[in-house]
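Visitor: Sequence:
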Amino acid sequence: MRQVKHLLATKGTDIFAVAPEAPVLEAVKHMAERHVGALLVMRGEQLVGIVSERDYARKVILQGRSSAQTAVSEIMSSPALTVTPETDVFDCMRLCTDSRIRHLPVVHGNRVLGVISIGDLVKEVINAQAEEIDQLQRYITS
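Numbering-wise, numbering that gives the first Met the number 0 puts 126 at position 127 of the sequence shown, and it's gapless, one number per residue.
I should point out that these hints are in silico values taken from the structure, not numbers from a laboratory.
Please note that the accuracy of each hint is not assured.
[Claimed, not checked] In the BS3-like style, the derived pairs of lysine-lysine whose C-alpha atoms are separated by at most 25 Å in a straight line are:
# : residue 1 : residue 2
1 : Lys10     : Lys58
2 : Lys122    : Lys10
3 : Lys4      : Lys122
4 : Lys28     : Lys4
[As the list claims (entries may be wrong)] Each pair of labels, with its calculated beta carbon distance range:
#  : residue 1 : residue 2 : range
5  : Gln45     : Phe89     : 26 to 32 Å
6  : Ala129    : Ser66     : 40 to 46 Å
7  : Glu25     : Thr83     : 27 to 33 Å
8  : Thr9      : Ser77     : 25 to 31 Å
9  : Thr140    : Ser77     : 49 to 55 Å
10 : Gln134    : Glu73     : 46 to 52 Å
11 : Ile139    : Gly108    : 31 to 37 Å
For glycine and all other residues, C-beta sits at the position ideal for the given N, C-alpha and C.
Model the full structure from these sequences, guided by the hints.
Guide: This is the structure we're talking about:
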């Protein structure tokens, strides 16, 4: 099975981030503009957490807080669960499932290299299974 570094090579390494002191409203606007469900929370180059649409719904909307007056640091998940470029896709799937999360920052040392989502992982597993089925069909018919 492929590793995270292979996924990043295909999907790209764009990093969408927000500062911890930014208002939640800014983070939500940024997610909407970028069509993503989560942002890394970074202080300079340092990963300090992750904030998702789920965090917004549960920790701002349901609690009647103000999006404009609540800081991202107040609702972010910290520390963020991370993976390395060498992590196996199935291990990432297991981590997402067991932890009930949808986004994993990819970190090498202290450097953030990108983010993978549960959608990226599912797509990779489907592609790998289709390739295996194709190989088995060719083996059987030859």
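Visitor: Do the Cβ positions of Gln45 and Phe89 conform to the proposed distance bound of 26 to 32 Å?
Guide: With a Cβ separation near 29 Å, Gln45 and Phe89 satisfy 26 to 32 Å, so the hint holds.
Visitor: Is it true that Gln134 and Glu73 lie within 46 to 52 Å of each other by Cβ?
Guide: 50 Å, holds
Visitor: Hint says 49 to 55 Å; check whether the CB-CB distance for Thr140 and Ser77 agrees.
Guide: 53 Å, holds
Visitor: Does the beta carbon distance between Glu25 and Thr83 stay inside 27 to 33 Å, or does it fall outside?
Guide: Given about 30 Å between the Cβ atoms, the range holds.
Visitor: Straight-line Cα separation of Lys28 and Lys4 no greater than 25 Å?
Guide: 29 Å, violated
Visitor: Against the range 31 to 37 Å, how does the distance between the Cβ atoms of Ile139 and Gly108 compare: consistent or not?
Guide: At roughly 46 Å between Cβ atoms, Gly108 and Ile139 fall outside 31 to 37 Å, so the hint is violated.
Visitor: Is 40 to 46 Å respected by the C-beta to C-beta distance linking Ala129 and Ser66?
Guide: 42 Å, holds
Visitor: Assess, step by step, whether the Cα of Lys10 is no farther than 25 Å from the Cα of Lys58, and give holds or violated.
Guide: Roughly 30 Å separates the two Cα atoms, so the pair is violated.
Visitor: Please verify whether Lys122 and Lys10 have alpha carbons no more than 25 Å apart.
Guide: Measuring from Cα to Cα gives roughly 11 Å; hence the hint holds.
Visitor: Could you tell me whether the CB distance from Thr9 to Ser77 stays inside 25 to 31 Å?
Guide: Distance hint for Thr9, Ser77 holds at roughly 29 Å.
Visitor: Between the alpha carbons of Lys4 and Lys122, is the straight-line distance 25 Å or under?
Guide: Holds: Lys4 and Lys122 sit about 15 Å apart, inside 25 Å.
When held up to the earlier numbered hints, the structure conflicts with 1, 4 and 11 and fits the remainder.
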